[in-house]
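> Here the sequence shown stands for residues 1 to 591, where the numbers follow this note's numbering.
Source of the hints: derived by calculation from the structure; they are not laboratory data. Heads up, the beta-carbon is just placed ideally off N, CA and C, and yes, glycines get one too. Take the hints with a grain of salt, since some may be wrong.
What follows is a list of derived Cβ distance ranges for each label pair [unchecked claim]: (1) P351 x S392: 42 to 48 Å; (2) P351 x R419: 40 to 46 Å; (3) G335 x A366: 51 to 57 Å.
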Amino acid sequence: MGGRVVNVYSGEILEHNVAILGDRIAYVGPRGPQHEGERVLDARGVYVVPGLIEPHSHPWVVYNPVSLTEAVLPRGTTTMVHDDLFFFLRLGVDGLRRMLDDLRELPGLHLWLARVVSQAEYDGERDDFSLQAIGEVLRWEEVAGTAEITRWPLLYSGDERALQAVELARALGKVSDGHTSGASYERLNAVVAAGIHACHEAITADEVMDRLRLGLWTVLRDSSLRPDLHEVIRAITEYGADMRRICMTVDGPNPTFIADHGFVDGLIRRAVAGGVSPVHAIQLATINPATYLGLDDAIGGIAPGRRADVLLVPDLERFEPRLVMAGGKVVAENGRLVVGLPDVDWKRYQPGPLLTVDRHTVADPAVYPLTTVDLVGTGAGTSAAMTDGEVSVPVIRFKSAVITERVNRRLSVRNGVVRIHDAPGVTYAALVDSAGRWVSRALMENFVPDVDGMATTYNTTTHLLVVGREPSAMARAAAQVLEMRGGVAVVRGGEIVFSAALPFTGMMTTDNRFDTALAIARQWGETVEAAGYPFHDILYSLLFITCDFLPGLRLTPKGVLDVKTQRVWIPAQRLRSSSHATPTVAHPADP
Numbered sequence: 001m002g003g004r005v006v007n008v009y010s011g012e013i014l015e016h017n018v019a020i021l022g023d024r025i026a027y028v029g030p031r032g033p034q035h036e037g038e039r040v041l042d043a044r045g046v047y048v049v050p051g052l053i054e055p056h057s058h059p060w061v062v063y064n065p066v067s068l069t070e071a072v073l074p075r076g077t078t079t080m081v082h083d084d085l086f087f088f089l090r091l092g093v094d095g096l097r098r099m100l101d102d103l104r105e106l107p108g109l110h111l112w113l114a115r116v117v118s119q120a121e122y123d124g125e126r127d128d129f130s131l132q133a134i135g136e137v138l139r140w141e142e143v144a145g146t147a148e149i150t151r152w153p154l155l156y157s158g159d160e161r162a163l164q165a166v167e168l169a170r171a172l173g174k175v176s177d178g179h180t181s182g183a184s185y186e187r188l189n190a191v192v193a194a195g196i197h198a199c200h201e202a203i204t205a206d207e208v209m210d211r212l213r214l215g216l217w218t219v220l221r222d223s224s225l226r227p228d229l230h231e232v233i234r235a236i237t238e239y240g241a242d243m244r245r246i247c248m249t250v251d252g253p254n255p256t257f258i259a260d261h262g263f264v265d266g267l268i269r270r271a272v273a274g275g276v277s278p279v280h281a282i283q284l285a286t287i288n289p290a291t292y293l294g295l296d297d298a299i300g301g302i303a304p305g306r307r308a309d310v311l312l313v314p315d316l317e318r319f320e321p322r323l324v325m326a327g328g329k330v331v332a333e334n335g336r337l338v339v340g341l342p343d344v345d346w347k348r349y350q351p352g353p354l355l356t357v358d359r360h361t362v363a364d365p366a367v368y369p370l371t372t373v374d375l376v377g378t379g380a381g382t383s384a385a386m387t388d389g390e391v392s393v394p395v396i397r398f399k400s401a402v403i404t405e406r407v408n409r410r411l412s413v414r415n416g417v418v419r420i421h422d423a424p425g426v427t428y429a430a431l432v433d434s435a436g437r438w439v440s441r442a443l444m445e446n447f448v449p450d451v452d453g454m455a456t457t458y459n460t461t462t463h464l465l466v467v468g469r470e471p472s473a474m475a476r477a478a479a480q481v482l483e484m485r486g487g488v489a490v491v492r493g494g495e496i497v498f499s500a501a502l503p504f505t506g507m508m509t510t511d512n513r514f515d516t517a518l519a520i521a522r523q524w525g526e527t528v529e530a531a532g533y534p535f536h537d538i539l540y541s542l543l544f545i546t547c548d549f550l551p552g553l554r555l556t557p558k559g560v561l562d563v564k565t566q567r568v569w570i571p572a573q574r575l576r577s578s579s580h581a582t583p584t585v586a587h588p589a590d591p
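Could you build the full structure based on these sequences and the hints that come with them?
As structure tokens, then:
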């Protein structure tokens, strides 16, 4: 009692008391306690604020849903809407259902969005992401709609399966999140007409206005990969955009970003610093996303009948909650969780081992260097019989943490292997199928130029991605990841200088402490920085190098793919099931 209630409906700050019964708000107004024995929380001198909402959560960035909750609930985020991508991809419908049942014990409100397609096309994708499977997930109570379709040209080109999934969500009264990175205003028209409700990919104030003008809920992003809020917030502070259809997101940040800058609480601080009033900033993180989700009668504000997600905040500009209530229970005080978290056994959801590739295959250095066999049919001017000479090779060059370009490099060949020892900054790269059926090989530049070998399942395919200058070191790193059943290993100077197990879907630690995920992310970043990584977020570089929706060349299950033209420059090769796997040429579309 005695607090200053931030009323997100009227835009006022009112000297009101708030009564809570069970998990709901029962009363808001000047009246004091009415019954003996009522527990009274003294809110004098502080602000009473609705719990914050993250409408676009990716709970698999080394942390898992439990460890993420441990980190962000004390910071005031009481509702998260999670992307199910890697859970659905690796657990299937049954495993995902079992996991969601267990996660009901998590404090806070956890909703989900169902993926329609993966982030990299592969053989069997349409079977895995069948309309029947997606429809089953969409009908679950905690699923709020479809997740972002990163391969948004599918919608623009009228892909029947993608359109059917979005239409099904609409028929069920659920939302369809969007991803329209790089889409022109004209193409945005088609995406909106396809049924997409929201987009978080605006990176300029003008792009924010384009999306608003077409009726999209526009989600302002400020994340570890793209800290854009200082620019996109100008749509409000300078262009005077109506804020009723604007939200905010941190878009699955690196654990280090959460530790250093916060979660949705940090968005409020940065929005206020950028010129947005505190009340308006709070609306962007509460009632607006609740309205977008169609849940504004249940969450997003402090009013009778709403879920009792309430924060006590001493200062709206610094925005550091002193107390957090979720569903009527005090769950955090002074930045620390005061309730228990479920002891989830992540292994029980996976239907089988993540990696079944033969251990001799990953240990064989001959698997990793690019060979002239790989280059047949690429226009490199070589043949499978070539053993020595020089060859022109299309190389994946990193322009930023996630954007790449194709450059051609003339490199020497010895015994059929393309040599890179006289090419500073260039590394070998291989994406090895988790079952050992195929390998996609490439050369990369301006990525981790001084690493002898690095292997990880942390990428958008969750297959084994291996990078380095020394095939023997790459093989050792890959063998270490296989032994850990998923994760990352880095080899330099003949030694494993860093390794961490990520056995749950190949992306997440099974340790439910956020500090564990944070330590992995920090050490991983420091290790690759020492190996010459020139950018700011290795996790997203690795995540997106194997996707097929961002500009430049990508290392995908098809091979080295030019996303814009859809040309496969270096096709994937089949691997034989033997201790010395020998590549043979495969059709680009059938690795």
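> Any of the earlier hints contradicted here, and which numbers?
none
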